[in-house]
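Position one of the sequence shown corresponds to residue 1 (UniProt numbering), numbered consecutively onward.
Take these hints with a grain of salt, some might be off.
[To be verified] Computed cross-link-like contacts, PhoX-like style, restricted to lysine-lysine with a CA-CA straight-line distance of at most 25 Å:
{"no.": "1", "residue 1": "175", "residue 2": "8"}
{"no.": "2", "residue 1": "159", "residue 2": "200"}
{"no.": "3", "residue 1": "87", "residue 2": "105"}
{"no.": "4", "residue 1": "159", "residue 2": "201"}
{"no.": "5", "residue 1": "175", "residue 2": "201"}
{"no.": "6", "residue 1": "8", "residue 2": "105"}
{"no.": "7", "residue 1": "91", "residue 2": "105"}
{"no.": "8", "residue 1": "200", "residue 2": "175"}
{"no.": "9", "residue 1": "87", "residue 2": "110"}
{"no.": "10", "residue 1": "175", "residue 2": "159"}
Simulated from the structure, these hints should not be mistaken for lab results.
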Amino acid sequence: MAYENAVKLLRLAVRAAGRVGVTLTEIEEMFECNRRTAQRMTDALTEVFPETDRWVDEEQRPRWRLPPTSVTAFVTPTPEELALLSKAIEKLAVDGAPNEARTLKGLEEKVLANIPNNKRARLEVDEEAMLQALGLAARPGPRALSDGAIDDALSTALKGRRCIEILYSSRSDPKPRWRSVAPHGLLLGTRRYLVARDLKKSSEVLQHYRIEDIAEVRILSECFEPNQGFDLAVHARGGFGSFINHREIERIVWCFAPDAAERAKRFVFHPDQEVTDNADGSLTVSFSACGQLEMCWHLYSWGDKVEVLEPASLRDMVDRYRRSDFAALP
Numbered sequence: 001m002a003y004e005n006a007v008k009l010l011r012l013a014v015r016a017a018g019r020v021g022v023t024l025t026e027i028e029e030m031f032e033c034n035r036r037t038a039q040r041m042t043d044a045l046t047e048v049f050p051e052t053d054r055w056v057d058e059e060q061r062p063r064w065r066l067p068p069t070s071v072t073a074f075v076t077p078t079p080e081e082l083a084l085l086s087k088a089i090e091k092l093a094v095d096g097a098p099n100e101a102r103t104l105k106g107l108e109e110k111v112l113a114n115i116p117n118n119k120r121a122r123l124e125v126d127e128e129a130m131l132q133a134l135g136l137a138a139r140p141g142p143r144a145l146s147d148g149a150i151d152d153a154l155s156t157a158l159k160g161r162r163c164i165e166i167l168y169s170s171r172s173d174p175k176p177r178w179r180s181v182a183p184h185g186l187l188l189g190t191r192r193y194l195v196a197r198d199l200k201k202s203s204e205v206l207q208h209y210r211i212e213d214i215a216e217v218r219i220l221s222e223c224f225e226p227n228q229g230f231d232l233a234v235h236a237r238g239g240f241g242s243f244i245n246h247r248e249i250e251r252i253v254w255c256f257a258p259d260a261a262e263r264a265k266r267f268v269f270h271p272d273q274e275v276t277d278n279a280d281g282s283l284t285v286s287f288s289a290c291g292q293l294e295m296c297w298h299l300y301s302w303g304d305k306v307e308v309l310e311p312a313s314l315r316d317m318v319d320r321y322r323r324s325d326f327a328a329l330p
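Can you build the whole structure from these sequences, using the hints too?
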């Protein structure tokens, strides 16, 4: 099936998943086509979605209807749509229409609640970038310098599963040299990493390359197949931040003091964290991850309001720097 036809069929499926389905006349108007083409599209709809129901309405017009669940995975709102919805809510509030703003905010919450969990994290990141582009959000604080040309090249390669060559300098080999890799994804944070497979090695082990140490990117004509079963979200759970070394993953246990427990409950320190309310009012948070250095950077901001229970190596790294004179918690 041609790409354009696939897009049209998906649009038709979304329309057919409405309460009353869709008629041949509506298909003709929707796609500016003739009756024969509309009939072929309903044939394709029935072939791709066997659960399609054909019925006749009160005006004796045949209609094609799909169960809404058939297209749930395809109707996730785009970052642009969510960003514009947020902008509309703000505009109503500024223009003196608080009731309408609250109503639209309720709609936004319902839309977000229906987004599948496996798409929500990625969509929130994209929406945040879109809000920044609209001038409705800003990200203060330090960040690594980025090169627009390198970022664009990596984005193009990732979307098209294209092999690339990167001019890269590592800590062990500070002199830049060209490396051929298959890019699988990006890890974003204080530091940014490219997750990629070294094409010169037979192993499928994925390497991590710091974006700021990539001097140049060449997009190759060859495409590649990602490692079987690879899931970037699952891969990212191995780290506390953007640094990941799966050989260093270990159990992490922190205990927040009673007067910091409520604030700590507002944080998600790790997607798989377990949180326990203790009898004395303190809060215990546990998860498995690597990245002790990045943990230290974050734990420092909590001063003496958090204690590392496990592992001993991390406790030794932070104990000497637990301050009591911070005016506020994170």
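Hints, verified against the model:
no.: 1; hint: 175 with 8; in the structure: violated, 51 Å
no.: 2; hint: 159 with 200; in the structure: holds, 22 Å
no.: 3; hint: 87 with 105; in the structure: holds, 11 Å
no.: 4; hint: 159 with 201; in the structure: holds, 23 Å
no.: 5; hint: 175 with 201; in the structure: holds, 20 Å
no.: 6; hint: 8 with 105; in the structure: violated, 31 Å
no.: 7; hint: 91 with 105; in the structure: holds, 12 Å
no.: 8; hint: 200 with 175; in the structure: holds, 19 Å
no.: 9; hint: 87 with 110; in the structure: holds, 17 Å
no.: 10; hint: 175 with 159; in the structure: violated, 29 Å
In this structure, the earlier hints numbered 1, 6, 10 are contradicted, and the remaining ones agree with it.
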